[in-house]
Amino acid sequence: MDATAQILFGGLFQGSLYAMMAVGLALIWTTIGVFNFTHGVMMMLGAYIAWTLSEIGLPFALVLPLVIVVMAAVGWALQASVVRPLIGRPNIVLVVVITTLAAASLIENATLEIWGPRSKQLPPLIAGNTTILGVGVSLHQIAIIVIAPVVLAALWFFLNRTRLGLALRAVAQNEDASLLVGLNVKALYGLAFAISAALAALAGIFMGGYRFMSPVMGADPLLKALIVVVFGGLSSVSGPIFAAYLIGFFEAICSYYFGLYWTPALLFAVLIVTLMIRPEGIFGSKSRGLA
Amino acid sequence: MSALLEVQSLTAGYGRIDVLHDISISVGTHGNVGLFGPNGHGKTTLLRTISGLLKTKSGTITFDGKPIANASPRSIVDMGLIHVPQGNRLFPDLTIAECLTLGAYTKRARADEAANREKVVKIFPKLAERWRQKVRTLSGGERQMVSIGTALMGSPKLLILDEPTLGLAPKIKEELCASVLDISKGGVPLIVVEQDVEFLLELSQHLYLINHGEVATEIKPGETMDHAEIMALYFGQ
Amino acid sequence: MTAPIPVSAIPSSPGRASWRKEAAAVLVAFAVLALLPFVVTDSYSRHVLIMAFIYAVVASNWDLSLGYGGVFNFGHLALFGIGVYAYGLLTKFAGIDPWFAMALSGVIATIAAIVVTIPILRLKGIYIILVTFGFAQLVMQVILSQSDYTGGTQGMVRIQTLYIGEHNMIRDGKFAYFYIALAMLFLSTVFLRALVRSRIGAGIIALRDNEEYAVSRGVSIVRQRIVTLAASAFFTGVAGAFYAGYQRNASIDVFGMSLATIILSMVLLGGTSTIYGAILASFVLTIFAEAMADLGAWRPIITALLIIGVMLVYPTGLAGFIQSSWNGVFRRDNKVA
Numbered sequence: 001m002d003a004t005a006q007i008l009f010g011g012l013f014q015g016s017l018y019a020m021m022a023v024g025l026a027l028i029w030t031t032i033g034v035f036n037f038t039h040g041v042m043m044m045l046g047a048y049i050a051w052t053l054s055e056i057g058l059p060f061a062l063v064l065p066l067v068i069v070v071m072a073a074v075g076w077a078l079q080a081s082v083v084r085p086l087i088g089r090p091n092i093v094l095v096v097v098i099t100t101l102a103a104a105s106l107i108e109n110a111t112l113e114i115w116g117p118r119s120k121q122l123p124p125l126i127a128g129n130t131t132i133l134g135v136g137v138s139l140h141q142i143a144i145i146v147i148a149p150v151v152l153a154a155l156w157f158f159l160n161r162t163r164l165g166l167a168l169r170a171v172a173q174n175e176d177a178s179l180l181v182g183l184n185v186k187a188l189y190g191l192a193f194a195i196s197a198a199l200a201a202l203a204g205i206f207m208g209g210y211r212f213m214s215p216v217m218g219a220d221p222l223l224k225a226l227i228v229v230v231f232g233g234l235s236s237v238s239g240p241i242f243a244a245y246l247i248g249f250f251e252a253i254c255s256y257y258f259g260l261y262w263t264p265a266l267l268f269a270v271l272i273v274t275l276m277i278r279p280e281g282i283f284g285s286k287s288r289g290l291a
Numbered sequence: 001m002s003a004l005l006e007v008q009s010l011t012a013g014y015g016r017i018d019v020l021h022d023i024s025i026s027v028g029t030h031g032n033v034g035l036f037g038p039n040g041h042g043k044t045t046l047l048r049t050i051s052g053l054l055k056t057k058s059g060t061i062t063f064d065g066k067p068i069a070n071a072s073p074r075s076i077v078d079m080g081l082i083h084v085p086q087g088n089r090l091f092p093d094l095t096i097a098e099c100l101t102l103g104a105y106t107k108r109a110r111a112d113e114a115a116n117r118e119k120v121v122k123i124f125p126k127l128a129e130r131w132r133q134k135v136r137t138l139s140g141g142e143r144q145m146v147s148i149g150t151a152l153m154g155s156p157k158l159l160i161l162d163e164p165t166l167g168l169a170p171k172i173k174e175e176l177c178a179s180v181l182d183i184s185k186g187g188v189p190l191i192v193v194e195q196d197v198e199f200l201l202e203l204s205q206h207l208y209l210i211n212h213g214e215v216a217t218e219i220k221p222g223e224t225m226d227h228a229e230i231m232a233l234y235f236g237q
Numbered sequence: 001m002t003a004p005i006p007v008s009a010i011p012s013s014p015g016r017a018s019w020r021k022e023a024a025a026v027l028v029a030f031a032v033l034a035l036l037p038f039v040v041t042d043s044y045s046r047h048v049l050i051m052a053f054i055y056a057v058v059a060s061n062w063d064l065s066l067g068y069g070g071v072f073n074f075g076h077l078a079l080f081g082i083g084v085y086a087y088g089l090l091t092k093f094a095g096i097d098p099w100f101a102m103a104l105s106g107v108i109a110t111i112a113a114i115v116v117t118i119p120i121l122r123l124k125g126i127y128i129i130l131v132t133f134g135f136a137q138l139v140m141q142v143i144l145s146q147s148d149y150t151g152g153t154q155g156m157v158r159i160q161t162l163y164i165g166e167h168n169m170i171r172d173g174k175f176a177y178f179y180i181a182l183a184m185l186f187l188s189t190v191f192l193r194a195l196v197r198s199r200i201g202a203g204i205i206a207l208r209d210n211e212e213y214a215v216s217r218g219v220s221i222v223r224q225r226i227v228t229l230a231a232s233a234f235f236t237g238v239a240g241a242f243y244a245g246y247q248r249n250a251s252i253d254v255f256g257m258s259l260a261t262i263i264l265s266m267v268l269l270g271g272t273s274t275i276y277g278a279i280l281a282s283f284v285l286t287i288f289a290e291a292m293a294d295l296g297a298w299r300p301i302i303t304a305l306l307i308i309g310v311m312l313v314y315p316t317g318l319a320g321f322i323q324s325s326w327n328g329v330f331r332r333d334n335k336v337a
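Those protein sequences? They're chains D, W and C, same order as listed. For the first sequence, position 164 matches number 164 in UniProt numbering, and the numbering has no gaps at all. For the second sequence, position 87 matches number 87 in UniProt numbering, and the numbering has no gaps at all. For the third sequence, position 133 matches number 133 in UniProt numbering, and the numbering has no gaps at all.
Do not take every clue at face value.
Claimed, not checked - Simulated coverage check for chain C against chain D, where a stretch passes if three residues somewhere in it have a Cβ under 8 Å from a Cβ of chain D:
| id | stretch |
| --- | --- |
| 1 | 141–150 |
| 2 | 165–178 |
Claimed, not checked - Quick list of in silico lysine to any residue cross-link-like pairs, SDA-like style, CA-CA up to 25 Å:
| id | chain 1 | residue 1 | chain 2 | residue 2 |
| --- | --- | --- | --- | --- |
| 3 | W | Lys55 | D | Arg84 |
| 4 | W | Lys157 | W | Ser26 |
| 5 | D | Lys186 | C | Thr153 |
| 6 | W | Lys107 | D | Leu164 |
| 7 | D | Lys120 | C | Thr153 |
| 8 | W | Lys119 | W | Phe199 |
| 9 | D | Lys186 | W | Lys119 |
| 10 | W | Lys157 | D | Ala80 |
| 11 | D | Lys120 | C | Asp253 |
| 12 | W | Lys57 | W | Gly31 |
| 13 | C | Lys124 | D | Arg84 |
| 14 | D | Lys186 | D | Ser214 |
| 15 | W | Lys55 | D | Ala80 |
| 16 | W | Lys157 | W | Glu113 |
| 17 | W | Lys107 | D | Asp176 |
| 18 | W | Lys57 | D | Arg163 |
| 19 | W | Lys119 | D | Thr162 |
| 20 | W | Lys107 | D | Arg163 |
| 21 | W | Lys119 | D | Arg163 |
Bear in mind the hints are in silico, worked out from the structure with no lab data behind them. C-beta atoms are modelled at their ideal positions from N, C-alpha and C, and glycine is treated no differently.
Build the full structure now, drawing on both the sequences and the hints.
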């Protein structure tokens, strides 16, 4: 019973974080067709800005929306500076990888300059611990397990049930046709980056509440998000969400039975087998488009 | 009556290559306009430039009294000039209902969304049967209906149709032609590019032959040219 | 940004210059480089040049898989890192002779490249980036977790140096290391150019440019991808081993994003599919980075801004920049916008 509960909580918790990260990557890939390597530093930057805001004494209820707004603006600006000018280039995928990698290095080093190397920690969303099913868990983790699906459901609702979400899905499928029904394609590209950065920042705040923050804290979550989107397919937003939880549970099971050390290797082995059988991912389809 | 759309001395193309050379056309003074001529001589380029997808190099385009050369496609759509491009793939993973909603995306069109939707269903009753079906699962004819329906959702003051019947089976083509005629009779002026001469002549009163990126011949109503001559122009050059 | 290599060494259309001309230009360029230690006598400047040679090997080999092969291999730096750690482990724990260990590191990197090629055989574009990037991270995690041998995050220290007889490698003002590095760059360059000009090279390029046609003409994707990746790995691994022996330590930083970004920008700034472009860009960027050494933490920030700036303005990289400034200076009449 103990094992089941531990795996259940571990899987739900990791899966929630991975889903928050992976969805943002997939959102940008499906709408613009580029891969955003600044996604990890966006997460980190969100956590650092939250730290500064709570240091100056703002209540957390105010910090959270502020960070989301600021990071959405950062995402928009990033898109306008290192992605939009390159649209239409024949080798755009590769060039955007470079510009976003360079931007990531820039933000990472700037963070080090501004905030210094000393590690920091954010206050948890809810302080304290509890015991559920005989397993001790922090309330912060419980909060994340509850909040993440709500956020993801809100994103799904936005994409599938609102006019703006519909426009975002349309741009992903056919740019010319989008222009001809009067969509503002450039603004929608900016919106995709803004939403993606806001989601990453939220994940950063979640992570900064239970682990020490450092300028490189986004690297591992970015890697996991990459694995998740490869696994779940890049062609939708729902695919990576399922894949994120699947991988979260896989990791929880692996680290329970084989230890933390073997988990990355096993994960990679599963990834390779998946790609050899289904190159487009388990939940993927060959088309590019949000759903 | 002044022209609804006036293209004057327009030069445009892709990159360094000019496709259109100093071309002038006028729409709205003599009924629907039909463009014809060999493939690859600039018909589609002309339409793409009018709707703002391509930049102009020189010349002016005036729609509804306002200059629109190099305006954004969005502002042009908002003014009511709506373009249904050739071989429109539309949005493969959206449903018919979603496409039509997108068609009414601009502020001006949103006001008439409900009325326009009714109109579209009246013209293309088939679409109502497949309201929640994704575009990729539709036949070519049905997809063309969704394309035109989506354009109608934008309350067009002028509708551009680029080869609407391209690649359609004869029976479906006939059906679509009838619908397009209905739309025209409903008071929406058209610019049509069409390979089917019969359909083109039935639909449009004012013809331009586009050749080598220029207007080779203009045929106004009254300047009757017999069928054989037009056929010769069509296939002869 | 003037180049230390004569511009004649950069063929405007690779493969078309006669091999005699190209060989002559390469020999002249390397002869000039070989004379440098007599002009540059302080060991710090020599160190900068040695680093430039190492980066040039890594970048030009990456150009083989990325530029010629069109395979977005983002695990290239992991191959370098594997060379670093293979050399460190082989000399430290297996007691293998440093020179032999250096060659063996190249072989191990080659094997690693073949292993990572298998999952990407059927993949395209972005998925190759993801898998190879994941491979690099995996190698790093394995090295981190085996801290008993690799030193984990602390890295390995006091790795055995290379030797030449009884010559003192440490107190000669980096004289010997300069020539070893140069020889390595020379062999790697000759190997790469010979490969891309050969029949195999033609197959690699054909596959990149028109996969369906190349396959229908009998070029095998599987064989070609494995050959491309494996060929790009050997000298990369050797360079890693040399780096470990030269620096005498190994650190996990070689797997970091910042090194990968810099080397990748050397490949792209130099203009892909030339080999020479990547080498040239490595020299320019390394020397440029050293010139900014006083700027401390601002250095990576400025480098990043520079990379973004060049990518935005010159889509074809430094090769395009040189081409356009060449046209600007010498052929003013030839103004085509």
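(request) Take a quick look at whether Lys119(W) and Thr162(D) sit within 25 Å of each other, Cα to Cα. (result) The hint holds at about 23 Å.
(message) Next pair to validate is Lys157(W) with Ser26(W); report whether the Cα-Cα distance is within 25 Å.
(response) holds (15 Å)
(message) Please verify whether Lys157(W) and Glu113(W) have alpha carbons no more than 25 Å apart.
(response) holds (15 Å)
(request) Below or equal to 25 Å on CA atoms is what counts here, so check Lys57(W) against Arg163(D). (result) violated (35 Å)
(request) Measure nothing beyond the straight line between the CA atoms of Lys186(D) and Ser214(D); if it is 25 Å or shorter, mark the hint as holding. (result) Not OK: Lys186(D) and Ser214(D) at ~33 Å, beyond 25 Å, violated.
(request) Take a quick look at whether Lys124(C) and Arg84(D) sit within 25 Å of each other, Cα to Cα. (result) Holds: Lys124(C) and Arg84(D) sit about 24 Å apart, inside 25 Å.
(message) Against the 25 Å threshold, does the CA-CA distance of Lys120(D) and Thr153(C) hold or violate the hint?
(response) holds (20 Å)
(message) Does Phe199(W) sit within 25 Å of Lys119(W), going by the straight-line distance between their CA atoms?
(response) Roughly 23 Å between the alpha carbons, so the hint for Lys119(W) and Phe199(W) holds.
(request) Compare the distance between the alpha carbons of Lys55(W) and Ala80(D) with 25 Å, and conclude whether the hinted pair is satisfied. (result) Between Lys55(W) and Ala80(D) the Cα gap is close to 21 Å, so the pair holds against 25 Å.
(message) What's the verdict on Lys186(D) and Thr153(C), does the C-alpha distance respect the 25 Å limit or exceed it?
(response) Roughly 43 Å between the alpha carbons, so the hint for Lys186(D) and Thr153(C) is violated.
(request) Would you check the hint for Lys119(W) and Arg163(D), treating anything up to 25 Å between C-alpha atoms as holding? (result) holds (21 Å)
(request) Quickly compare the C-alpha distance for Lys55(W) and Arg84(D) to 25 Å and report which way the hint goes. (result) This hinted pair holds, its Cα atoms lying about 18 Å apart.
The structure fails to meet hints 2, 5, 9, 10, 12, 14, 18 from the earlier list, while all remaining hints are met.
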